[in-house]
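I would like the entire structure built from these sequences, with the hints used as guidance.
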Amino acid sequence: MKYASLKKSDLNDWLKHLQKKAKLYAPRKKENLFVFRPVKEVEDVCLEYIPTILPPKKYYFPQKEKLLKFSSQPFKTAKAIEKFEEFILFGVHTCDIAGIQCLDVTFRDAPEDPNYLNRKDKMTIIGIECLKYCDEYANCTSMGNHVPRGGYDLMMVDIGEKFIIHINSEKGERLVTKLDYIKEATEADMSSLERAREAKKKIFKEEFTAALPNVYDAFDKRFASDVWKDVGRRCVACGNCTAVCPTCYCFDTADDMELSLNEGIRYRIWNSCQMDDFAKVAGGEDFRKGRDGRQRHRYYRKFKYSVDKYNRYFCTGCGRCTRTCMADISLIETVNSLLKEERKDA
Amino acid sequence: MLDREILLEKMRTTPYLPMKAKIIEAEMVTDKEKFFRIQLEDKLNLGHAPGQFVMVSIFGYTEAPISICSSPTDKGYFDLTVRNAGSFTNRLHQMKKGDILGIRGPFGKGFPIDNMFGYDIVIVAGGLGIVPLRSLIRYIMHNRNDFGNVQILLGCRSPKELLFEEETKEWMKRSEIKFNCTVDRADPDWKGNVGLITTLIPGVDINPTRTYGVVVGPPIMYKFVIGKLLEKKIPDHQIIVSLERRMRCGLGKCGHCQIEGVYVCQSGPVFTYSDLKNFKGECHEKAV
Chain L
1 MKYASLKKSD LNDWLKHLQK KAKLYAPRKK ENLFVFRPVK EVEDVCLEYI PTILPPKKYY
61 FPQKEKLLKF SSQPFKTAKA IEKFEEFILF GVHTCDIAGI QCLDVTFRDA PEDPNYLNRK
121 DKMTIIGIEC LKYCDEYANC TSMGNHVPRG GYDLMMVDIG EKFIIHINSE KGERLVTKLD
181 YIKEATEADM SSLERAREAK KKIFKEEFTA ALPNVYDAFD KRFASDVWKD VGRRCVACGN
241 CTAVCPTCYC FDTADDMELS LNEGIRYRIW NSCQMDDFAK VAGGEDFRKG RDGRQRHRYY
301 RKFKYSVDKY NRYFCTGCGR CTRTCMADIS LIETVNSLLK EERKDA
Chain R
347 MLDREILLEK MRTTPYLPMK AKIIEAEMVT DKEKFFRIQL EDKLNLGHAP GQFVMVSIFG
407 YTEAPISICS SPTDKGYFDL TVRNAGSFTN RLHQMKKGDI LGIRGPFGKG FPIDNMFGYD
467 IVIVAGGLGI VPLRSLIRYI MHNRNDFGNV QILLGCRSPK ELLFEEETKE WMKRSEIKFN
527 CTVDRADPDW KGNVGLITTL IPGVDINPTR TYGVVVGPPI MYKFVIGKLL EKKIPDHQII
587 VSLERRMRCG LGKCGHCQIE GVYVCQSGPV FTYSDLKNFK GECHEKAV
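If you read the sequences in order, they're chains L and R. Number 114 in our numbering belongs to position 114 of the first sequence; there are no gaps in the numbering. Number 611 in our numbering belongs to position 265 of the second sequence; there are no gaps in the numbering.
Don't read these hints as lab results, they were simulated from the structure. We put the beta carbon where it would ideally sit given N, CA and C, even for glycine. A few of these clues could be false.
Here are the computed lysine-lysine pairs in the DSSO-like style, where the Cα-Cα straight-line distance is at most 27 angstroms [as the list claims (entries may be wrong)]: (1) R:K623 / L:K69; (2) L:K280 / R:K524; (3) L:K66 / R:K366.
To list a few chain L residues with every Cβ distance to chain R over 12 angstroms, as calculated [claimed, not checked]: (4) E184; (5) E263; (6) R268.
Quick look at the structure:
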């Protein structure tokens with residue numbers, strides 16, 4: 001079976017089934033926004049949502065993650081997590097799946113990061129394809145992430161009465177077989193899927209004013225652009241943009257001591273290249289002084305450095321950085337200003 | 347198993363777990379710097395390349411990247427020399443002989459010693475720059491006939507900040523190594539040169555295409571010294587530097603040490619000037 005179908009009225013039954021299989025995380029409403037949360041009541045799962053406040057990153061690269069247990073006297077160290085548990089991420093947008101692919105590449109790159117890979121090993125991804133824009137902040141079309149591009153076990157598409165489910169792995173297949181309410185997709189189902197994809201083409205338009213290779217070129221040539229000064233002037237260095245980014249993975253480490261001051265746990269904690277001491281050394285030299293340089297660094301890590309290293313853009317187009325920015329710095333606007341400057345000079 | 351294989355296996359399977367290590371010597375060597383001789387558990391040899399660094403762990407104070415200042419030819423132990431400059435190093439300075447530390451590493455790319463075989467070497471050390479360079483100098487001393495002429499230029503702010511005093515006296519005596527030293531400000535007992543390190547370079551006699559220039563010092567020093575070496579016509583790829591950055595993980599992940607797209611902890615800390623030249627603006631050490 002390559003494609004299956006599930007009636008919407010049976011969705012909750014399937015969710016209950018998934019709940020029994022592994023720890024289940026899915027989007028739900030939180031005030032006027034959305035968050036990924038462990039599923040308690042399947043009725044709370046909400047599949048029509050704009051990107052969650054934090055990407056599902058928090059489940060495979062937690063904000064505060066145990067690295068090791070230690071004791072000073074006698075000197076002892078041990079792995080802090082003995083067992084990683086199986087979990088299912090349900091209802092993940094294609095942009096966030098692209099984010100997972102980015103972090104896979106990063107943490108698989110030698111030297112490997114066992115903490116990430118152990119978690120990733122236990123992860124099952126069930127995606128849902130967007131058929132309309134979440135809001136004006138997303139740039140998923142320019143990034144090519146408005147359509148599924150692998151990286152998932154199952155992908156759901158809403159065709160009205162039913163979901164069509166694309167089965168993309170054995171792990172995924174096991175979650176849809178032997179259930180009487182999930183059937184192989186019929187030809188009629190497949191043509192509905194086709195129609196949904198066609199309709200999408202009319203809705204999703206590239207958000208940048210040029211194609212990605214031109215965006216890369218603009219970044220290549222515009223390191224000294226005034227665009228960065230402008231962005232730097234507005235930035236308040238709060239670090240929101242990096243915290244909500246599905247592909248930001250910078251971290252710091254911290255030791256939490258027990259009251260005895262002898263034993264403790266070393267954590268890694270999300271950190272942000274937007275913080276003013278991020279690249280400062282003990283001697284006082286600050287190697288990325290200035291918010292303009294730090295913002296530029298963030299953008300280059302999405303549109304230039306990762307392309308050079310992994311042939312992969314680390315912007316997924318989810319729009320979270322723009323949505324969350326307190327200073328109204330817009331990613332689409334920044335990239336388009338750079339493109340405009342580049343065209344003017346050409 | 348070879349020591350090196352054991353360390354590599356640890357790095358592969360448990361890269362965040364520090365190894366147990368014992369301080370077997372500890373001594374204040376200037377007002378601000380302390381020297382440590384360290385032995386890994388089971389007397390494993392660190393097997394580093396000159397120029398690499400380790401992450402030193404003190405539980406409760408996390409970790410800091412510290413240059414190794416002994417040569418891999420010094421077996422059974424390795425040396426660190428640390429300035430008291432922050433909360434971590436302040437705690438490290440309180441540690442004494444017999445105390446236990448955590449060590450991860452060695453990390454990064456060291457000096458390209460194999461490429462330097464047969465070449466003349468000019469080593470330029472400013473201030474604490476002599477610390478990582480000591481690993482190279484000791485390596486060269488132990489393999490002296492692998493290299494051509496060797497000259498060491500050492501500069502620091504004042505005579506009392508001079509590190510490895512006994513050793514430098516010995517370097518001065520050795521006829522097969524030219525050693526020259528200068529201080530920015532002399533004190534009454536100082537009989538040597540006075541002036542910035544750059545003043546020593548015009549006087550060195552070299553065949554530029556046969557010479558490697560190796561420069562380590564504070565960020566401000568590089569562009570001036572590199573400029574002088576370029577004036578001497580040493581090719582870009584034969585000018586070697588080592589850069590200080592805020593390494594936190596050593597694994598090319600955490601982001602703190604990045605210069606543009608490059609993780610200094612993995613691709614450095616040693617670079618050639620050809621590498622440096624490609625950086626657009628985030629590298630303070632780049633000559634203009």
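- Which numbered conditions among the earlier hints are violated in the structure presented, ordered from lowest to highest? Numbers 1, 2, 5 and 6 - these are the hints that the structure violates, sorted from lowest upward.
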